[in-house]
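Protein chains: 2
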Amino acid sequence: MKGAFNDRLSESSKRSGSRVVLALDFSGPHAGRLRAAEKVLTATKKEIAAVKMNHHLLLPFGLEGVRGLVRVCRRAGLPLIADLKVNDIESTNMNIADSLLAYGFDCFIANPFVGKEEGLGPVIERVHEKGGGVVLLVYMSHKGADEGYGLVTDSGKPLYRIFAERARDWGADGVVVSSKSPERIAEARKIVGKGCMIFSPGVGAQGGEPETGAGADYLIVGRSITEARDPAGAVRNLNGRR
Amino acid sequence: MKGAFNDRLSESSKRSGSRVVLALDFSGPHAGRLRAAEKVLTATKKEIAAVKMNHHLLLPFGLEGVRGLVRVCRRAGLPLIADLKVNDIESTNMNIADSLLAYGFDCFIANPFVGKEEGLGPVIERVHEKGGGVVLLVYMSHKGADEGYGLVTDSGKPLYRIFAERARDWGADGVVVSSKSPERIAEARKIVGKGCMIFSPGVGAQGGEPETGAGADYLIVGRSITEARDPAGAVRNLNGRR
Numbered sequence: 181m182k183g184a185f186n187d188r189l190s191e192s193s194k195r196s197g198s199r200v201v202l203a204l205d206f207s208g209p210h211a212g213r214l215r216a217a218e219k220v221l222t223a224t225k226k227e228i229a230a231v232k233m234n235h236h237l238l239l240p241f242g243l244e245g246v247r248g249l250v251r252v253c254r255r256a257g258l259p260l261i262a263d264l265k266v267n268d269i270e271s272t273n274m275n276i277a278d279s280l281l282a283y284g285f286d287c288f289i290a291n292p293f294v295g296k297e298e299g300l301g302p303v304i305e306r307v308h309e310k311g312g313g314v315v316l317l318v319y320m321s322h323k324g325a326d327e328g329y330g331l332v333t334d335s336g337k338p339l340y341r342i343f344a345e346r347a348r349d350w351g352a353d354g355v356v357v358s359s360k361s362p363e364r365i366a367e368a369r370k371i372v373g374k375g376c377m378i379f380s381p382g383v384g385a386q387g388g389e390p391e392t393g394a395g396a397d398y399l400i401v402g403r404s405i406t407e408a409r410d411p412a413g414a415v416r417n418l419n420g421r422r
Numbered sequence: 181m182k183g184a185f186n187d188r189l190s191e192s193s194k195r196s197g198s199r200v201v202l203a204l205d206f207s208g209p210h211a212g213r214l215r216a217a218e219k220v221l222t223a224t225k226k227e228i229a230a231v232k233m234n235h236h237l238l239l240p241f242g243l244e245g246v247r248g249l250v251r252v253c254r255r256a257g258l259p260l261i262a263d264l265k266v267n268d269i270e271s272t273n274m275n276i277a278d279s280l281l282a283y284g285f286d287c288f289i290a291n292p293f294v295g296k297e298e299g300l301g302p303v304i305e306r307v308h309e310k311g312g313g314v315v316l317l318v319y320m321s322h323k324g325a326d327e328g329y330g331l332v333t334d335s336g337k338p339l340y341r342i343f344a345e346r347a348r349d350w351g352a353d354g355v356v357v358s359s360k361s362p363e364r365i366a367e368a369r370k371i372v373g374k375g376c377m378i379f380s381p382g383v384g385a386q387g388g389e390p391e392t393g394a395g396a397d398y399l400i401v402g403r404s405i406t407e408a409r410d411p412a413g414a415v416r417n418l419n420g421r422r
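So the protein lines, in turn, are chains A and B.
The numbering used here applies: residue 181 is where the first sequence begins, and numbers increase by one.
The numbering used here applies: residue 181 is where the second sequence begins, and numbers increase by one.
Next comes chain A alone, as it looks inside the complex:
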């Protein structure tokens, strides 16, 4: 059922009064990553809206290895997003979706570049049936983003607009749009409407200002929190409460 994920996310966001999605991106020796992640998660769990996990943890440890972190999220009522930027064929995407949901994840991020037919279309349907969510990439926050998302097709449309239209037409639960491009956030909003959440990365370590994420529903923040001396305080700052 579409909407179930966003309902849980909105509930969690209201409870904490926060629009921050904590990205558990840890570098350095693998051995210390899980412990560091649990520490930051425990310190911030009442201040955040949701948690995002990427290959930083999922690649070395797998879903089996992050069970402890998933448990902390579920007990705290925090929706959990897998940021795998999924862009494979249908059978593999389905496999990924099933594994994630089976292990307690609520949502994953995918790249609409891979297409709907035998790509993401049937997967989004299945995930919705199971009460999960899918968030699609529309515009990323690194310098090279224009080498992909900024390409203009022969129709005269830039890909990020086409991707926002796909998010709307495919019934995605949300989109990712860089906080460095407030115009892109505004453009995306016009296309996807209000029921599709805008997640905005790039605040902090990547150079964006919290204010520039203003048109977004949620800010995705990693290093400015995980590397802060006071992670909970860092989240409060991002939420405009000092």
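Treat the hints with care, since some could be wrong.
Each pair may be met inside one copy or between any two copies, as identical chains are not told apart.
[Stated by the list, open to error] In silico DSSO-like pairs for lysine-lysine, Cα to Cα no more than 30 Å straight-line: (1) Lys310 with Lys323; (2) Lys310 with Lys194; (3) Lys323 with Lys182; (4) Lys296 with Lys337; (5) Lys374 with Lys194; (6) Lys182 with Lys296; (7) Lys374 with Lys337.
Just so you know, these hints were derived from the structure itself, not from any lab.
Starting from the known structure of chain A, fit chain B onto it as the hints suggest.
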């Protein structure tokens, strides 16, 4: 050093007289996947050129969990490719690359859509310094491939040609081009030359014929081998030896 990965791959291919890259894609309950993978790998290790692992194993078990399979590959001298279709920002891509190489993988597949600057450029350099390889997606084998790889930019060029040019210009070790599109394989070859390997998926379960992969250097095959009653025999068939 660029070339080190392709040297190892070529050596392995000559030793086995095979151009088949075994894709260890297992569905079904997680518990049985590692055992099933080890069984097929053991049965086919003398008949194949390399091994490819995707989220089917890496997502549930992580690099920690697939150590046993990695060991079998290394003992058999089989190069190991991680098919994560990497398309993230530089810091995350670097993290992924470092983890993979540290755990004994030789190469990974990435999507050039993400761009060079703060995307894949610096990562390819680092991987080459460490003796590993990077293979870029140029054209995939599902119906929706044209919704992405087939898009035509305002320059009049389809993206798959732009991606082949990126593979050449960024010094990628190989490209992935669907075996269902022999014309695309030929086009890609013209662009990337002979030093950049063409890996072709889509033979067998996805509908392509072994013959159609003719212009490719290596065939990526999963289900036609993993689901065969005689996996080694299935590989020999693919290599044209009955």
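Up to 30 Å between alpha-carbons, please classify Lys310 paired with Lys194: within, between, both or neither. Within one copy only: 24 Å inside, 47 Å across.
Identical-chain pair category, Lys374 with Lys194, by Cα at 30 Å: For Lys374 and Lys194, only the intra-copy Cα distance (17 Å) is at most 30 Å; the inter-copy one is 57 Å.
Intra- versus inter-subunit Cα pairing at 30 Å for Lys296 with Lys337: both (19 Å within a copy, 22 Å between copies)
Which holds for Lys323 with Lys182 at a C-alpha limit of 30 Å: within a copy, between copies, both or neither? Classified as between; 25 Å across copies, 33 Å inside a copy.
Given a CA cutoff of 30 Å, do Lys374 and Lys337 count as a within-copy pair, a between-copy pair, both, or neither? within (22 Å within a copy, 35 Å between copies)
With identical chains, the pair Lys310 and Lys323 could be close in the same copy or across copies; at 30 Å between alpha carbons, which is it: within, between, both, or neither? Only across copies: Lys310 and Lys323 sit 25 Å apart there, 36 Å inside one copy, limit 30 Å.
With 30 Å as the alpha-carbon cut-off, assign the pair Lys182 and Lys296 to within, between, both or neither. Intra 17 Å, inter 35 Å, cutoff 30 Å: intra-copy only.
Checked against the numbered hints above, the structure breaks none of them.
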